[in-house]
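Build out the structure end to end from the sequences listed, making use of the hints.
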Amino acid sequence: MITKLEVLTENQLKDIMSIWLDTNKKAHSFIANSYWEDNVELVEKELPKADIYIATDENGKMIGFLGVLEGYIAGLFVSSDYQRQGIGNKLIERAKADFEEFSLTVYEKNKQAINFYTKEGFKISETQIDEDTKEIELVMVYKN
7 MITKLEVLTE
17 NQLKDIMSIW
27 LDTNKKAHSF
37 IANSYWEDNV
47 ELVEKELPKA
57 DIYIATDENG
67 KMIGFLGVLE
77 GYIAGLFVSS
87 DYQRQGIGNK
97 LIERAKADFE
107 EFSLTVYEKN
117 KQAINFYTKE
127 GFKISETQID
137 EDTKEIELVM
147 VYKN
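Numbering (this note's numbering), first residue to last: 7 to 150.
No lab work stands behind these hints: they were computed from the structure. Warning: the hint list may mix true and false statements.
Claimed, not checked - Mimicking SDA-like on lysine to any residue, the simulated pairs with C-alpha atoms at most 20 Å apart in a straight line are: (1) K149 to A103; (2) K102 to A33; (3) K125 to T139; (4) K51 to K102.
Unchecked claim - Quick list of simulated restraints, FRET-style, between CB atoms: (5) G92 to D44: 30 to 38 Å; (6) E64 to K129: 33 to 41 Å; (7) E106 to S40: 19 to 27 Å; (8) E107 to D44: 30 to 38 Å; (9) G66 to M23: 17 to 25 Å; (10) T139 to M23: 16 to 24 Å; (11) G66 to S40: 29 to 37 Å.
Cβ atoms here follow ideal geometry from the backbone N, Cα and C, with glycine treated the same way.
Laid out in structure tokens, this is it:
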């Protein structure tokens with residue numbers, strides 16, 4: 007089930023951060039785990055400012071989330087055990103009901119994510135360097 011959160015509870019924030027940290031470490035093996043660990047506090051502080059959509063399983067367990075900050079997809083993460091089951095697509099589709107266009111950045115080395123966003127209708131608009139990681143990132147945009 008996909009739900010847009012009206013209020014982010016402490017337990018939901020804890021679940022989101024667990025998914026965020028675990029999935030980032032697995033998806034970005036080319037970046038040191040310490041980078042993600044060092045950014046947990048910052049992300050926790052910024053999350054409440056975003057529109058947050060969550061995916062839950064039949065038992066109500068959170069299995070993924072999408073955070074959108076003023077049309078920028080700050081994060082789309084699905085727990086490892088639930089990937090490749092259409093959950094990311096459902097999260098994007100739900101958010102498309104609220105936003106006409108999106109932008110996001112994705113690391114050039116994260117081919118799986120680039121392929122996913124391309125299938126969702128996103129187009130690469132530019133390339134840049136992430137100043138923190140020194141990795142190449144692609145800026146991708148979607149217009150409804």
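Each hint, compared with the structure:
1. K149 to A103: 12 Å, holds
2. K102 to A33: 24 Å, violated
3. K125 to T139: 26 Å, violated
4. K51 to K102: It is violated: about 25 Å lies between the C-alpha atoms, which goes past 20 Å.
5. G92 to D44: 30 to 38 Å: 33 Å, holds
6. E64 to K129: 33 to 41 Å: Taking Cβ atoms as reference, E64 and K129 lie about 35 Å apart, which means the hint holds.
7. E106 to S40: 19 to 27 Å: Hint violated: Cβ distance 38 Å, outside 19 to 27 Å.
8. E107 to D44: 30 to 38 Å: 31 Å, holds
9. G66 to M23: 17 to 25 Å: Hint holds: Cβ distance 18 Å, inside 17 to 25 Å.
10. T139 to M23: 16 to 24 Å: Given range 16 to 24 Å: holds, Cβ gap about 19 Å.
11. G66 to S40: 29 to 37 Å: 33 Å, holds
The earlier numbered hints that this structure contradicts are 2, 3, 4, 7.
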